[in-house]
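From first to last, the protein sequence lines are chains E and S. Numbers given in the numbering used here equal positions in the first sequence, counted from 1, plus 166. Numbers given in the numbering used here equal positions in the second sequence, counted from 1, plus 166.
The reader is advised that the hints may include incorrect statements.
It does not matter which identical chain is meant; a pair holds if it fits inside one copy or across any two.
[What the hints assert, rightly or not] Simulated crosslink set (DSS-like; lysine-lysine; CA at most 27 Å straight-line):
1. K311 - K233
2. K175 - K537
3. K581 - K175
4. K329 - K537
Rather than coming from a laboratory, the hints here were simulated on the basis of the structure. Remember, it's a predicted structure, so these values are computed and weren't measured experimentally.
2 protein chains.
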Amino acid sequence: MNPQDLIRKKRDGARFNSEEISAFVRGVCDETWADYQISALIMAMFINGLNQTEQNSLTKAMLNSGKILDFSRIKLPKADKHSTGGVGDKTSLLIAPLAAACGLAVPMISGRGLGHTGGTLDKLESIPKFNVNLTEKDFHRVLKKCGLALSGQTTDIVPADKKIYALRDATATVDSIPLIVASIMSKKLAEGLDALVLDVKTGTGAFMESELDARELAKALCKTGRDFGLKTEAVISDMNQPLGKYVGNAHEIYECVKILRGEIEPEMQPTLDLSIELTARMLVLANITDDLDEARFQVEDALDSGSALEKFKQNIKLQNGNYKVCDNPNLLLDKDLIEVKIKSPEAGFISEIDTKAIGEAVCGIGGGRVKVSDKIDFAVGYACGKKLGNAVKQSEILGILYCRNEAQAAKVLAKLQMAYKITDEPNDRKFELIKDVVSVSS
Amino acid sequence: MNPQDLIRKKRDGARFNSEEISAFVRGVCDETWADYQISALIMAMFINGLNQTEQNSLTKAMLNSGKILDFSRIKLPKADKHSTGGVGDKTSLLIAPLAAACGLAVPMISGRGLGHTGGTLDKLESIPKFNVNLTEKDFHRVLKKCGLALSGQTTDIVPADKKIYALRDATATVDSIPLIVASIMSKKLAEGLDALVLDVKTGTGAFMESELDARELAKALCKTGRDFGLKTEAVISDMNQPLGKYVGNAHEIYECVKILRGEIEPEMQPTLDLSIELTARMLVLANITDDLDEARFQVEDALDSGSALEKFKQNIKLQNGNYKVCDNPNLLLDKDLIEVKIKSPEAGFISEIDTKAIGEAVCGIGGGRVKVSDKIDFAVGYACGKKLGNAVKQSEILGILYCRNEAQAAKVLAKLQMAYKITDEPNDRKFELIKDVVSVSS
C-alpha cells in the first residue's frame, strides 16, 4: 500500500478499511510518508469525509502509535475533562482540584495555546517554577499523591497526532469533525480513563462557531468514546463571550485561585458554574454517585470546605511550582503592567461580543502564539467588565487591558472596542451558559 | 493572502479570482509556500475543481512564472504537437522533421518518461551524443538552421510547473483536467507558437483511459488555447495497443528512421498514419494551406522525397548527435541483447491488449523510470508482433522482448503474456486509430 494508492482512494471518495488507516498512521510515524503526502491525504479526508468506522480506525491507529498509560495501580476511578478551546476558558484548573477533592484521580494531559485560544500548559507555567513536563513516572507519583497530575503530552503518547496536527494547522484542515475526534479521543484514550466529560464550545470564540456543528462534534466524540468502552458525555457550552472575568495566562490562574479561595467576584461566577457542572458530571459518570444533584453538592462542598484549594496547593508543590500563590494570589500578577481602559463609544446594550477578536487581541500583545515557536508573555491579559445583555453608558468601561506599554495597547485598542456590538434596545436573546448535554446510548 | 486562507477557500468549494491564483503560483516559485501547503491546495483543486476562468488564470500565472520564448525573428510559422503520452508513441520524432520539411518551424520542448509512458527526450538520448539540453541561444540557432529544435525544458521556462508536477506525481493528483491543462498549455504557450496540435490518447495505455474523459480533456485544452489566442486542435487517438511496432527508446528511434527512409514494415504503418494526420493538421492550422487533403499530400511528399529524413539528419548533426544513424539505423540497436519470444497460450483472436502492462514491462527491464531519479537502459525494448483483431495460433509469437538476460525476462514474461486477451470468436469492434478531432470555435 503505497502513499499514492491510499491518497487516490480517499481522493475518489472511497472508504478505508482499518488496515489502510493503520498503514497511513504507520507511515506518518516512521516517516515513510512525506509531509506533502500526509497533507494531501488529510485534505482528501477533510473534503470527502470519514465515516464512524473510519473515524474509529483512525482514533485507534493514532492511539496505538504510542504508549497507553496504565494507572491500574491507582484504585480511585480515573476521569478527565477536555474542552475544545475558547477564550478565558480556564475550567481545567478548577475542575482538576475539585474532582480530586471529591475522590477522583485526574490524569490531565493538556496542550498549549495557538491562535485566539489559550492552553492549560501555558496558564500553568505562569505559576513560577511550575513543571508541566513530567516524566511518566513523576506523573504517576503526583497523581497518586494528590489525585491530580497536570502535564504536557510526552513524545511517546500519540506521536502521530503531533505531526498530523502541525500539518493540519498549516493547511487549513483543523476544523474537520473526524480529524478533531481522532486527535482528541486518541489522546484521552491514552490516559487510561474510566470516564471523560467533554466541553464542546460554540459561539464567536469557538472553533465550531455554529451550535449545529458543535452538536455534531459532541455526538461524534461521544460515539467514539462509546465504541472504545469509555464512558463519555459532552456538554455544549457558550463561547459567545469570554468565560468569566479574565483572559490571559497569569490572570486566569489568578481567577481560579480566587474562586478556590471563595473570593468570587460576580464576573467570575460563570467560570465557577461551568466548572461545578462539568465536575459533577465527571463524578456521576465515574460512579462516585448516581445522582447529579448530589454530585453538584459534593463539588460545592469541596469548594466551600477549602479541600479543593488544598488539592491544588498540594499539586503545585508536587510539580515544583510556587504554591504560595494559593495563599497570596497577587503573587501571580506582574506589577509592571499598565492598565488601559476600553470604553463604550455609545450608550446601549451589549448584544454581541466578537470573542475571537478578544482572544486575538490578547494574543497580539504577547499573551498567546500565532506560530508554535512564539514565546508567551504570561502577565498580559484582559479583564472583562461588561458582558452580553449588560446596559452600558457612553464612555463606560467595557474592559481593561493589562499590557506592557501604550504602543502595545495602541495595536489592539480598536480591535477590542469593535469587538462589542452595542444596540439601542435590549436583546431578548437568552445568554445560556450551558446549551445542551449530549450522550449516546451504549 | 496567506496560504491557509487560500487553501480554506478552495477546500470549501469557492472560486478563485486571478489575483488569488497568482499569489499561489508566486508562493510556489518564491518558496513562501511549503510543499505540504502546495499539495493540500492541489488536492482541494483536484476534488473541488477549477472552472474555465480559474483554469485560464492558473495557466497564465504558470506561464508568467518564467520566460516566454520569442521566435519573432524566425519568419516561418511556428507550430508544435503535444501528446498526452502513451506506449510506443514516437510520432514527435517523425512530425518534427516532416513539418519542418513542409515549411514550418517546430520549437519542440519535450519531457522525460515516467511510469509506463516514454518521453521524447529519453528516446532522443538513445542517439549517441545527441544533446537535449540546449541553451536558449542554441535552441534558437538550431531552429533557425533546420526548422526543428528538440530540447528539454530549461529551468527558466514555467518553473512553477516543475515543482507542482513533482508534487502531483507524489500525491495522486496528476489526472485532473484543469491541472493537466495548465501544465501542458503553460509550457506550450511559452514556446511562442502560432499553432498547436494536441494528440489526446485514450485506451488501456493512456492516462485518460475512457474516451469520455479524453474528449473532455481535449475540449478543455482547446478552450484554453482559444482563450490565449493560440490556434489549437486536438486529435483523439487510440492507445488500446502500443502505437506501431516498437516500444523502448532506441527501438522507437529505429522505427522512425526506418519510416523516414521509406523502409516501412507493416507493423509500423499506424505510426506513420498518425504522424501524417497530425502534421497535416499543423500545416492547415498554421496556414501553410487551407486544405487538409492538400496538406496530407505535402507531408507524404516530404517523406517520399527524402526531405524529412534530410531535416532529421541535419537536426541530429546540429544537436551534436551521431547523424550516421540516418544512413544506418542498425547503429541504434545494441547487439548484446537477447531476444525472448512471447507466445500465445492458445489459438483465437486478440480482443484486448493491456497496453499499460506492456509499457510497465519495458519499464521493468530498465527501459523506463519508476522514480524520476532512475537511470534508463536505452537499448531494451519490445517488438509488437500481433495486434488487436489479429488471429493467432497456439504458440504463435505475440511479440519479442529485447533484454539483457534471462533473469530480466523472467521478471516480466508473465505480465507480457497476460497483457493479451485471446477470445475464440473474432471481435467485431472497430480498431480505429483516430477516434475524433476536437476544436472549439473562437
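Violations among the numbered hints, reported as their numbers in ascending order: Those not satisfied: there are none.
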